[in-house]
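So the protein sequences, as listed, match chains A and B.
Letter 12 of the first sequence, counting from 1, is numbered 12 in our numbering, and no numbers are missing.
Letter 246 of the second sequence, counting from 1, is numbered 1246 in our numbering, and no numbers are missing.
From the derived model, a few chain A residues whose C-beta atoms are all more than 10 Å from chain B: (1) Val3; (2) Leu47; (3) Arg48; (4) Val64; (5) Glu165; (6) Leu179.
Computed beta-carbon distance windows for the label pairs: (7) Val17(A) x Asp1057(B): 39 to 49 Å; (8) Arg258(A) x Thr1091(B): 20 to 30 Å; (9) Gly40(A) x Trp1096(B): 28 to 38 Å; (10) Thr1045(B) x Ala254(A): 48 to 58 Å.
These are computed hints drawn from the structure, not numbers from a lab.
We put the beta carbon where it would ideally sit given N, CA and C, even for glycine.
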Amino acid sequence: MTVLQRALRTCWLAACVVFITAPLLIVLVASVSTDHVLTGPPSGFTLRWLQEAVTYEPFRIGFVYSVQVAAVATAVALALGVPAAYVIARGGLPGTGVLRSLFVAPLSMPRVVTGFGFFVLYASVFPTAYGTVGGVALAHVLLLLPFVVALVGSGLANLDPSLEEAGRDLGASSSQVFLRVTLPQIRMPLAIAAVFAFLTSFDEVDTSVFLMPPGVTTLPVAIFLRLEQNQDPTTSAVSSLMIVGSLLLAGLTALALRRSGLFGAGGRLNRGART
Amino acid sequence: MRARRAAAALIAPGTAYLVLVFASIIALLLSYSARTEQTAALVATLDWGTWRSVLGDGYTWSVVGTTLRLGVTVSVLTVLIAYPLAWCIHTVRRGWQAAALLFVVFSPILVSVVVRTYGWAMLLRDGGPLGPLFEGWLYHEPGVVIALVHVELPFAVFPILASIRSVPADLGEAAADLGAGPLRRFTRVLLPLTVPGVLSGAQLVFALTISAFATPALLGGGRVTVLAQTIYQNIQLLQWPTAAAQAVILLVLALLVLSVFGLAARLVGGGRVTR
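Chain A on its own, in the form it takes in the complex (with noise of 0.2 Å):
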């Protein structure tokens, strides 16, 4: 690589850096940022946007409301995913890929058609399930049935078979060939789909602006009703303590899963096997 290359391209990976990154700089620098309007660098340093956020009623219900969407839709879509990616790696059925693309036709679907459709269904169909914490997270699920399907799939495509072909041959039953061989295997995509699908949900406004009124909303709903009136100081306090907290658990669970080895594990185990 010439010197001309080099400089060209550190040029180019800088500019989208400095372009990826601006935006949410600027809701971190606004949060503890004495300004109320930013124009400069900021003019002093303060927690007070971040102690009105964290106070803020809509806000705190809205957290509470979008830790709950989050943990029982995970849960929900794990339930249904892990078995079925198992399925469709193994292909003991026949139409496996029919059933592939069921598992991830929802990615076809715009988020607001999504939104949309459960809307009218609780309409018609469930009006108790309009604004409760079952009736969003069971919306969420659709969206999140891909991403665990697609991540625990890739998982089990690296295992060798012959691992649990082993296990069947020392007596185990299947059931006890799955917990105690496959699932120890997939631990790494199984913890990276659980923070993936929670944090999709979290975040998620498409769909969940259709499924709740506007007094009691998840937090990014919050967040959106609150900007479509006007932009203020508390509200990039909450913006930055959801980047914080986003960024935060992605790290945490990237550096747990190095602590424990689980990155080397599966790879290990399947040398072995092989060699």
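With chain A's structure known, arrange chain B on it following the hints.
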């Protein structure tokens, strides 16, 4: 036989959920759009009045036009930024640098779209850091475009990076040995081999852009109206049948876009050089 029955039992709950949700949502969307009265009843008198007024209204077509124009602009710009970015990431040799770049490029996926959109509103507004440079962008189409490019960049980088990585390095070296300059190596070797990655990135970005809701709603300032917003607005106005018809149009549009790109990918894939 027993194994097959066990597999069917494992995948049945997820399959039942998906089939039930898809079937009822699509049936209800069609049923709601084929009525004119504002009712949540499961069955109403069949009336094509809503479809006639939606399809006969110039406003619908101008909204569809805006939606598709945004889709084209955003996918072209995103690919133009993502391709060189993916190539730069690919050529970074030091492991920690590559890991840091990947983190910067992909971590924004974990931050809510509402928060990232808010960041752009702060950057572009009057008195904001980029306000003088991009005067008049906020609450107009260019502001929506730049924020959507930011939101969707990772979805284009990922498939393009994967396809660049799949090109064997010795192909480029062979071309260089035969006397091809950098430009020729790019247009005759790298680009043709990575077209499938570009297509799948553009497909993803296009589909996500025409379904985007929060970004145009917050940055469009009422001047930029896309289909997703009109669905939401018509629910607020209690025009459920109109919203249902627009949801059907958006769904059809999304499926059309996906299949056109799918077809293009198949055509290109058919002509690919195989080694």
